[in-house]
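Put together the whole structure using the sequences plus the hints.
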Amino acid sequence: MNGAEILIDALINEGVDTVFGYPGGVVIPIFDVLYRTEKIKFILTRHEQGATHAADGYARATGKVGVCLVTSGPGATNTITGIANAKMDSVPIVVISGQVASANIGTDAFQETDMVGLTRSICKHNYLVKSVEELPSILKEAFFIARTGRPGPVAVDIPVNVSNGILEDYQYPQDVSLPGYKPVTNGNQKQIERLAQAINEAKRPLLYTGGGIVIAEASRELTDLLDKTSIPIVITLMGLGSIPSDYPTFLGMPGMHGTMAANLALTECDLLIGVGVRFDDRITGPRELFATQATIAHIDIDPAEIGKIVKPQIPVVGDAKQVLRELVKRVSPRRPNEWNRHTESWKCQFPMTYDQNAEPCILPQYVIDRVSALAPPDTIIVTDVGQHQMWAAHFYQHKKPRAFLTSGGLGTMGFGLPAAMGAAVGRPGQTVISISGDGSIQMNIQEFATCAINNIPVKTVILNNSYLGMVRQWQELFWDEHYSQTCLKRVSDCPPVCAGPGANCPPHYIPDFVKIAEANRIPGYRATQPSEVDAVLKEGLGQPGPVIMEFVVKSLENVYPMIPPGKPISAIIPGRSV
Amino acid sequence: MIEKHTIIVTVTNRVGILARIAGLLAQRGYNIESAIAAPTEDPDVYKIILVVMETDEHVEQITKQLNKLIDTIKVTDISHRDNYIVREYIILKIGITARSRSEVLDLVRVFEARPIDLATDHLIVELTGHVRKIDRFIELLKPFGIKEFVRSGEFAMTEYN
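Keeping their order, the protein sequence lines are chains A and B. Sequence positions in the first sequence follow this note's numbering and run 791 to 1368. Sequence positions in the second sequence follow this note's numbering and run -7 to 153.
To be clear, the hints were calculated from the coordinates, so they are not data collected in a lab. Source: prediction; values computed, not measured. The beta-carbon is built from N, C-alpha and C at its ideal position, and this holds for glycine as well. Certain hints may be false.
Said to hold, decoys possible - DSS-like, lysine-lysine: derived pairs with alpha carbons at most 25 angstroms apart:
id, chain 1, residue 1, chain 2, residue 2
1, B, K56, A, K877
2, A, K980, A, K1018
3, B, K(-4), B, K134
4, A, K972, B, K66
5, A, K980, A, K1119
6, B, K134, A, K972
7, B, K56, A, K1101
8, B, K56, A, K980
9, A, K829, A, K877
10, B, K39, B, K(-4)
11, A, K877, B, K66
12, B, K125, B, K(-4)
13, A, K1101, A, K993
14, A, K1098, B, K134
15, B, K66, A, K1101
16, B, K(-4), A, K1098
17, A, K972, B, K56
18, B, K66, A, K930
19, A, K920, B, K125
20, A, K1098, B, K66
21, B, K(-4), A, K1101
22, A, K993, A, K972
As the list claims (entries may be wrong) - Not the full set, but computed from the structure, chain A residues with beta-carbon under 10 angstroms of chain B:
id, residue
23, I935
24, D965
25, L968
Have a look at this one:
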């Protein structure tokens, strides 16, 4: 067998059914094998970044390793954002890139880039395959590393002579030999015992959980713990859906755009139990002012996360599922107390609201609300990055894990559409709704063609406020309304300084998203009045294939609450309605 | 408090491991004072001995991040331990004159350094020893005019297992 055949055989052995990617000179041998195999479905995206995000979305939706195959040079560099994105959110993907022939490496050959060097700091591990002999074991390791422990992206760079190289007695290895890689999954019993004790003794305990619950598939164990102890819980952007949004002790998402209840609870708890979280700066704000009254416990599978930002008194290294299972056995049942009533009162006092009736134009929150009401229960929501992402996080009623896919750590505009595509391919039969802003959607807009051609039924919702809304919001609140380069309607005739929309604004938004739909031969709809929202959603969601639904929403709407950057929770701006 | 830490990283001998370690430290903003990559009795295993100037907290984070590398087998910060043998090697070129020569040679003798080359205007010596001894040797030779030296960086090994 040659290297290319070995690669495809390895993918089949690893249970890969779909590969996203784009061909090029040095990967022709591999594509030639794909041409002959029926076991792998290949989705030809329109850009390698789209392919990488699609593999990422596929992995998030299914829990399996997503795979992307690209050529050397520009093909490889186009995957960089996607790899970094997967790294930040701990998503298992394997990115296979072609490389120039071994003999030409280092000569600045045509379409040569140092892929291993470029990806070193943004992937979990990477390989340059030196010979066809080592290809089978490298591929085995790549998949093993990507999916185990704290998952992450693995890049494998394969020179063309390795793809063409012949290996006589090929056998796909059964095991890996990695003396330095042994992820700890079972938590230390003594520490778990200490944590149980701390929970039993705490007056104001708070659970703070994140993406680790989703990755470890620990929703069941988390629910068991909550049912037994009634501890109030805040869930990060990455963890939304771990438990349903209507769970009684759920206080919402914490952090910069978190709910008042979640943030107040973080400030006032006396025991903070972080599970599968990394104390991101968007959650903590200034560390020295974060959860100052609390004993901190931190459960995470990655030892390097423990103590990186906040030093816990009770550290537990282990898999969230295993540790929570042990913890549930050890904690005493707890009934809702004064603290529960307190957190409950914050929820009532500071609800997440908006008033569509008081507005002539569509409010973005209203659209999300209606999506939530009209989408089938097992819908997967995928977002881009910005204001719409925060509104989707807050106003969509999350029901289950792996159903809210969003670029959390890297904050990658352009993630949504290709990731939704990957999710839809990985979860056929489930409705996949991609919620974007008018800025984000344009960053990988070429993938509408991929959806249309392959009939991948992604339902795209565009909340068009004609601004890069999140940056504009910062400019409004902290930069004296200097809307520098954030208006997407702005044309060369506009006055040099502009503090917001008015009668003299250009009449058209460019591009026309309904015409983008038309150009891709898919249905496109636009709602400009609140009364049209339901009709568009029903019509769009009812279509069998991909659609674009554009909602022209209020331009200057802000995401509240908001903690100004660098400020503590006490500086929170609750919002206009409160 | 910023102090010197010597970290021994035991790694699988794979392509690019030194770049991974150096890249990781640079990426997270840590400075390396010295680094040695040395083969060991096992051809598949290398030891990389790093000296960094950092606080205890940072070193803990460095240690954890180094441990996270797939090819890392073991990471040990030996700074606060005494069951380690630490050595360094130096080659040094000192300018000499007829007047200073005997005094310099005295120092060489006291420190048990080994002369390698002697010319009319300079002397080249080598010395192996604890880092402190080497520091002191350099300090005492300074007044005579050190023309050039190259230090190996620290080597270390456990006394017991």
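Do the hints match the structure? See the list:
no. : hint                : verdict
1   : B:K56 <-> A:K877    : holds (17 angstroms)
2   : A:K980 <-> A:K1018  : holds (21 angstroms)
3   : B:K(-4) <-> B:K134  : holds (23 angstroms)
4   : A:K972 <-> B:K66    : holds (11 angstroms)
5   : A:K980 <-> A:K1119  : holds (14 angstroms)
6   : B:K134 <-> A:K972   : violated (50 angstroms)
7   : B:K56 <-> A:K1101   : holds (14 angstroms)
8   : B:K56 <-> A:K980    : holds (21 angstroms)
9   : A:K829 <-> A:K877   : violated (28 angstroms)
10  : B:K39 <-> B:K(-4)   : holds (19 angstroms)
11  : A:K877 <-> B:K66    : holds (23 angstroms)
12  : B:K125 <-> B:K(-4)  : holds (16 angstroms)
13  : A:K1101 <-> A:K993  : holds (21 angstroms)
14  : A:K1098 <-> B:K134  : violated (42 angstroms)
15  : B:K66 <-> A:K1101   : holds (23 angstroms)
16  : B:K(-4) <-> A:K1098 : holds (20 angstroms)
17  : A:K972 <-> B:K56    : holds (14 angstroms)
18  : B:K66 <-> A:K930    : holds (23 angstroms)
19  : A:K920 <-> B:K125   : violated (44 angstroms)
20  : A:K1098 <-> B:K66   : holds (20 angstroms)
21  : B:K(-4) <-> A:K1101 : holds (23 angstroms)
22  : A:K993 <-> A:K972   : violated (37 angstroms)
23  : I935                : holds (6 angstroms)
24  : D965                : violated (16 angstroms)
25  : L968                : holds (6 angstroms)
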